[in-house]
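J.: Following the hints, position chain B against chain A.
There are 2 protein chains.
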Amino acid sequence: MIEPRRDTKWWGWGDPATLPELDDEALGVLRERVGDLQPWPLSAADPGEFVMANPQPLPPKLTEAVGPERIFTSLEDRLRHASGRGYVDLARMRGGKLEGGPDAVVLPADVAQLRAVLDVCAEEGIAVVPFGGGTSVVGGVEPLRGPHARLISLDLAGLRTVEVDRRSLTACLGAGLRGPEAEQALGREGVTLGHFPQSFEYATIGGFAATRSAGQASSGYGRFDAVVSSVRLVAPKGDLETLETPHTAAGPALRELIVGSEGVLGVIPDVTVRVRPVPPQKRYEAWMAESFEAGAEIVRGLAQGPGLPEIIRVSDEEETEGSLAVSGPRGFTGKAFDRYLGVRKRRGGALMIVGYEGEEESVSRRRALTVRGLRAGGAAYLGQSAGSSWEHGRYNGPYLRDTLMGMGAMVETLETSHTWTRLGELHAAVAGAIRDSLASGGTPGLVWCHLSHAYADGASLYFTFISRRREGAELEQWAEVKRAASEAIVASGGTITHHHAVGRDHVPYMEAEVGKTGLDVLRAVKNELDPAGIMNPGKLLP
Amino acid sequence: MIEPRRDTKWWGWGDPATLPELDDEALGVLRERVGDLQPWPLSAADPGEFVMANPQPLPPKLTEAVGPERIFTSLEDRLRHASGRGYVDLARMRGGKLEGGPDAVVLPADVAQLRAVLDVCAEEGIAVVPFGGGTSVVGGVEPLRGPHARLISLDLAGLRTVEVDRRSLTACLGAGLRGPEAEQALGREGVTLGHFPQSFEYATIGGFAATRSAGQASSGYGRFDAVVSSVRLVAPKGDLETLETPHTAAGPALRELIVGSEGVLGVIPDVTVRVRPVPPQKRYEAWMAESFEAGAEIVRGLAQGPGLPEIIRVSDEEETEGSLAVSGPRGFTGKAFDRYLGVRKRRGGALMIVGYEGEEESVSRRRALTVRGLRAGGAAYLGQSAGSSWEHGRYNGPYLRDTLMGMGAMVETLETSHTWTRLGELHAAVAGAIRDSLASGGTPGLVWCHLSHAYADGASLYFTFISRRREGAELEQWAEVKRAASEAIVASGGTITHHHAVGRDHVPYMEAEVGKTGLDVLRAVKNELDPAGIMNPGKLLP
Numbered sequence: 001m002i003e004p005r006r007d008t009k010w011w012g013w014g015d016p017a018t019l020p021e022l023d024d025e026a027l028g029v030l031r032e033r034v035g036d037l038q039p040w041p042l043s044a045a046d047p048g049e050f051v052m053a054n055p056q057p058l059p060p061k062l063t064e065a066v067g068p069e070r071i072f073t074s075l076e077d078r079l080r081h082a083s084g085r086g087y088v089d090l091a092r093m094r095g096g097k098l099e100g101g102p103d104a105v106v107l108p109a110d111v112a113q114l115r116a117v118l119d120v121c122a123e124e125g126i127a128v129v130p131f132g133g134g135t136s137v138v139g140g141v142e143p144l145r146g147p148h149a150r151l152i153s154l155d156l157a158g159l160r161t162v163e164v165d166r167r168s169l170t171a172c173l174g175a176g177l178r179g180p181e182a183e184q185a186l187g188r189e190g191v192t193l194g195h196f197p198q199s200f201e202y203a204t205i206g207g208f209a210a211t212r213s214a215g216q217a218s219s220g221y222g223r224f225d226a227v228v229s230s231v232r233l234v235a236p237k238g239d240l241e242t243l244e245t246p247h248t249a250a251g252p253a254l255r256e257l258i259v260g261s262e263g264v265l266g267v268i269p270d271v272t273v274r275v276r277p278v279p280p281q282k283r284y285e286a287w288m289a290e291s292f293e294a295g296a297e298i299v300r301g302l303a304q305g306p307g308l309p310e311i312i313r314v315s316d317e318e319e320t321e322g323s324l325a326v327s328g329p330r331g332f333t334g335k336a337f338d339r340y341l342g343v344r345k346r347r348g349g350a351l352m353i354v355g356y357e358g359e360e361e362s363v364s365r366r367r368a369l370t371v372r373g374l375r376a377g378g379a380a381y382l383g384q385s386a387g388s389s390w391e392h393g394r395y396n397g398p399y400l401r402d403t404l405m406g407m408g409a410m411v412e413t414l415e416t417s418h419t420w421t422r423l424g425e426l427h428a429a430v431a432g433a434i435r436d437s438l439a440s441g442g443t444p445g446l447v448w449c450h451l452s453h454a455y456a457d458g459a460s461l462y463f464t465f466i467s468r469r470r471e472g473a474e475l476e477q478w479a480e481v482k483r484a485a486s487e488a489i490v491a492s493g494g495t496i497t498h499h500h501a502v503g504r505d506h507v508p509y510m511e512a513e514v515g516k517t518g519l520d521v522l523r524a525v526k527n528e529l530d531p532a533g534i535m536n537p538g539k540l541l542p
Numbered sequence: 001m002i003e004p005r006r007d008t009k010w011w012g013w014g015d016p017a018t019l020p021e022l023d024d025e026a027l028g029v030l031r032e033r034v035g036d037l038q039p040w041p042l043s044a045a046d047p048g049e050f051v052m053a054n055p056q057p058l059p060p061k062l063t064e065a066v067g068p069e070r071i072f073t074s075l076e077d078r079l080r081h082a083s084g085r086g087y088v089d090l091a092r093m094r095g096g097k098l099e100g101g102p103d104a105v106v107l108p109a110d111v112a113q114l115r116a117v118l119d120v121c122a123e124e125g126i127a128v129v130p131f132g133g134g135t136s137v138v139g140g141v142e143p144l145r146g147p148h149a150r151l152i153s154l155d156l157a158g159l160r161t162v163e164v165d166r167r168s169l170t171a172c173l174g175a176g177l178r179g180p181e182a183e184q185a186l187g188r189e190g191v192t193l194g195h196f197p198q199s200f201e202y203a204t205i206g207g208f209a210a211t212r213s214a215g216q217a218s219s220g221y222g223r224f225d226a227v228v229s230s231v232r233l234v235a236p237k238g239d240l241e242t243l244e245t246p247h248t249a250a251g252p253a254l255r256e257l258i259v260g261s262e263g264v265l266g267v268i269p270d271v272t273v274r275v276r277p278v279p280p281q282k283r284y285e286a287w288m289a290e291s292f293e294a295g296a297e298i299v300r301g302l303a304q305g306p307g308l309p310e311i312i313r314v315s316d317e318e319e320t321e322g323s324l325a326v327s328g329p330r331g332f333t334g335k336a337f338d339r340y341l342g343v344r345k346r347r348g349g350a351l352m353i354v355g356y357e358g359e360e361e362s363v364s365r366r367r368a369l370t371v372r373g374l375r376a377g378g379a380a381y382l383g384q385s386a387g388s389s390w391e392h393g394r395y396n397g398p399y400l401r402d403t404l405m406g407m408g409a410m411v412e413t414l415e416t417s418h419t420w421t422r423l424g425e426l427h428a429a430v431a432g433a434i435r436d437s438l439a440s441g442g443t444p445g446l447v448w449c450h451l452s453h454a455y456a457d458g459a460s461l462y463f464t465f466i467s468r469r470r471e472g473a474e475l476e477q478w479a480e481v482k483r484a485a486s487e488a489i490v491a492s493g494g495t496i497t498h499h500h501a502v503g504r505d506h507v508p509y510m511e512a513e514v515g516k517t518g519l520d521v522l523r524a525v526k527n528e529l530d531p532a533g534i535m536n537p538g539k540l541l542p
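In the order they appear, the protein sequences are chains A and B. My numbering puts the first sequence at residues 1 to 542. My numbering puts the second sequence at residues 1 to 542.
Warning: the hint list may mix true and false statements.
A pair counts as met if it fits within one copy or between any two copies, since identical chains are not told apart.
[Claimed, not checked] Straight-line alpha carbon distances no greater than 20 Å define the calculated EDC-like cross-link-like pairs of lysine to aspartate or glutamate that follow: (1) Lys61 <-> Glu293; (2) Lys282 <-> Glu359; (3) Lys237 <-> Glu511; (4) Lys237 <-> Asp520; (5) Lys237 <-> Glu123; (6) Lys516 <-> Asp119; (7) Lys516 <-> Asp239; (8) Lys516 <-> Glu241; (9) Lys9 <-> Glu293; (10) Lys9 <-> Glu21.
These aren't lab readings, by the way, just hints derived from the structure by calculation.
If we strip away everything but chain A, and leave its shape as in the complex, we get:
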């Protein structure tokens, strides 16, 4: 049976059966810090009650391109392809109506059909939104029509080839493979991609490439863009394909134009990535640094010295306190708990998660070097059970967001990066801007941050904020805080996004990011590859 995926909550994140609840302690912290919440129920009980404009009719040529069995126009399918999974998207889903949605969902079987669809759409002036897992948190799959009257969602779930070169340790993976599908197929060949973003369970390979995704283990395995060996782009104007060689000096890297192109230049049908042998050993631990600054210094020392473990993250004092209230001290047992308390008694510490994956000998060797850095930096060991507890909950964030939103909270995340020299400044500026914006809007909240992707020259910062929603003005409230945070990032010289990509939400900050000439160059590339301007209008480029 050919059909789009319908296995997730249409109004929220992931498995419909997963609806976590907060315990009393967590509820207490929440109430204390954000105030009393008013429930935020779904306005539509099921997709049938949802309000969305009727679809525009599409030309018969489009039906001929893929066959009628590959075009879907039901309200549910259109709704499932009408937004990503950012706070703004879910807030609108709760409202029960959307201004726009795709006129149809088109599901090509292969690259030939994909090419045929783009040809028809370019000729007819139909906007095309490439759709992988639909997990964008920055409006990357928002069905914006630009100057076009009609729009399709181009669902890539049919493109799921897997081809492994065990000798070169590379794999060519179809764009439509979800994270677990790719890992299962690779696992049968004894290899792994090692790419585990929080969206792993539902996000796709094509999306990882189109957005320069980073995963929780990217400090060790490398960001997705760093593991791409070669890539293809099917663009309205023609096909682009880079050679599969480990490196080349033949001019500007077209691979790096395709990666991160977010569907505005064309469609990535598959991508060849470097893989690694499946690690026989995985070991996750928790540590407590004396402060966020001390934890960041430990990470810097490792990144500039012996190297980083696969996973290393440091929560700031706020996030440490908050996340321990929600998820810990469960997970800490015996002596680890005592040590935790000991550290906590001294002052607000910074929780660190450290994970090693590899051959037993390699894990042991690299752990010894890492532990030396941790201890020299004043961190205290909290044990493996707390690390495993993090691992078991590593994909839980978006489920918890559904719960919090249902209770009436605004929950959003954003991320940036900077050099080590300016990371502290960036942290203070962005956390301060979010906190001030929330407070001045009358909804003070929790503002958490962690450092989760590190490099020799700097690191990323990932912020989470939670507050009461401003009832009836949820989107305005969000826009105010987002603008305050984004302006603080720009003023500090950080990047507007380290791994969530640009999508719709970061478009206003692209000129600050790449400059006027940079935008002109990107527009020239777009005009060349997509002269009719049908590809993902309103994203990436102002």
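T.: Frame of chain A, contents of chain B only:
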């Protein structure tokens, strides 16, 4: 005193006082393998005798842009900026005349003057060839005028700023810094770039960036493009600058459009790179693998497992035999020499150079892992003296080429890369094509290859060939062999260049490399940044 550099041989490589001679053993091998050579004297004894067209007059506005003291029109300065340092270039220098040369050498003092020069040239339609060290071996600084009547060589020697961020381990380096200048300035801050191509002594930072250079230690430190953190481009249309953050997901990577742009989009005035602490220990060793294939397998195992040392290279059997005849067994002493002989008695072995740089403990730890891989792969240890001997001679190749050319030889190198799966096929195809082309031209020769840059998914191959020159038809002879080798590379799916760049010589193979759509995209970018087409005509893009 402001003036262009005039400290190298005008007709050859580097220090005029360095003119190495071959000893009897090397001469014997050469005579046996390539036949008797007829001396190839310089036709012009000094620049004054060289024949080059008179320069076209340039507009006063150009003089105003930099001041008259920064414009040079002497025959010597024009000659020194009239070609790179490939075999073709040096063969033409020996001939004593050139068809073209720049009308003037312009030496801007800073980025403001650079901008002013580009503005004048764009307005007046004057072709601009950015000039760093002038060491291109692929015609990258060839003064081709395209549709323009006038051409200047834009010498970047005035741009030599150095700014180190010790905490983030980055450095912003001016384009005109030669390798040793950059290393000396960095060394004063306790850091190193670790970029040591064979052209290190004379090539510049801007050239490294513009050509995606690789150095002898790039397996450890990373290729130049891999250490670029951010970069600027001064283009006729405007300035482009990427943010200095360790990573971003804000769209296609403009940094990767600038790096490798070979002067056809604009001028790179400076580049921010990741640096490392100066290694307190350096250790170089020689090993003998049972065969080139066995040596390559050892490197693959290390690249895919515990990691690579800073330097690792494997010569194929031909290069091993030839280079030992020229430079060894001097350097091997005592037991190492016996081991060498023992290996050699079994069959033709493959010489490996392995180098470690870093903290003593790091060198020792990584050496232990590397040695385990070497021994498991059947390699025999030849000792440190042979490794040091390689290190002392690491920049000698181009000097030796002058000697060989003077004796009457054609000496050329070329390089490519491929996945581990297809590396053997590429090696056989390219070596065979060169050998056949030389033989069918009546000048059989030496064809050597080494693997010198390795990655988890593949490696580069570097070929050297030496034969009798075809007197009076040196350029045609070279073109035949180069074409044969290039076609073999393309047919095997390798890249036309792993680190020498495209320049003039590889332009015919760019469509095979990036496809028609890829060329269209690069041309669109060029048209956007350089609408008058003044930047480095005839390079990179067909």
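J.: None of the hints should be skipped; say for each whether it holds.
T.: To see whether the hints hold, each was checked on the structure:
1. Proximity of Lys61 and Glu293 under a CA criterion of 20 Å is satisfied in neither setting, with 60 Å inside one chain copy and 54 Å between copies.
2. In this assembly of identical chains, Lys282 and Glu359 lie within 20 Å of each other by CA distance solely inside one copy; the values are 9 Å within and 28 Å between copies.
3. For the homomeric pair Lys237 and Glu511, the shortest alpha-carbon distance between copies (16 Å) is at most 20 Å, but the shortest distance inside one copy (26 Å) is not.
4. Taking CA atoms no more than 20 Å apart as the test, Lys237 paired with Asp520 passes in both settings, with 19 Å inside one copy and 10 Å between copies.
5. In the homo-oligomer, the alpha carbons of Lys237 and Glu123 lie at most 20 Å apart inside one protomer (11 Å), although the nearest pairing across protomers, at 32 Å, exceeds that limit.
6. In this assembly of identical chains, the alpha carbons of Lys516 and Asp119 lie at most 20 Å apart only when taken from different copies (18 Å versus 31 Å within one copy).
7. Within a single copy, Lys516 and Asp239 get their C-alpha atoms only as close as 28 Å, which misses the 20 Å cut-off; across copies the closest is 9 Å, which meets it.
8. Proximity of Lys516 to Glu241 under the C-alpha cut-off of 20 Å is restricted to the inter-copy arrangement: shortest distance 10 Å between copies versus 28 Å within a copy.
9. Neither within a single protomer nor between protomers do Lys9 and Glu293 lie at most 20 Å apart by alpha-carbon distance, with minima of 39 Å and 54 Å respectively.
10. Proximity of Lys9 to Glu21 under the C-alpha cut-off of 20 Å is restricted to the intra-copy arrangement: shortest distance 17 Å within a copy versus 78 Å between copies.
The structure is inconsistent with the numbered hints 1, 9, although it conforms to all the rest.
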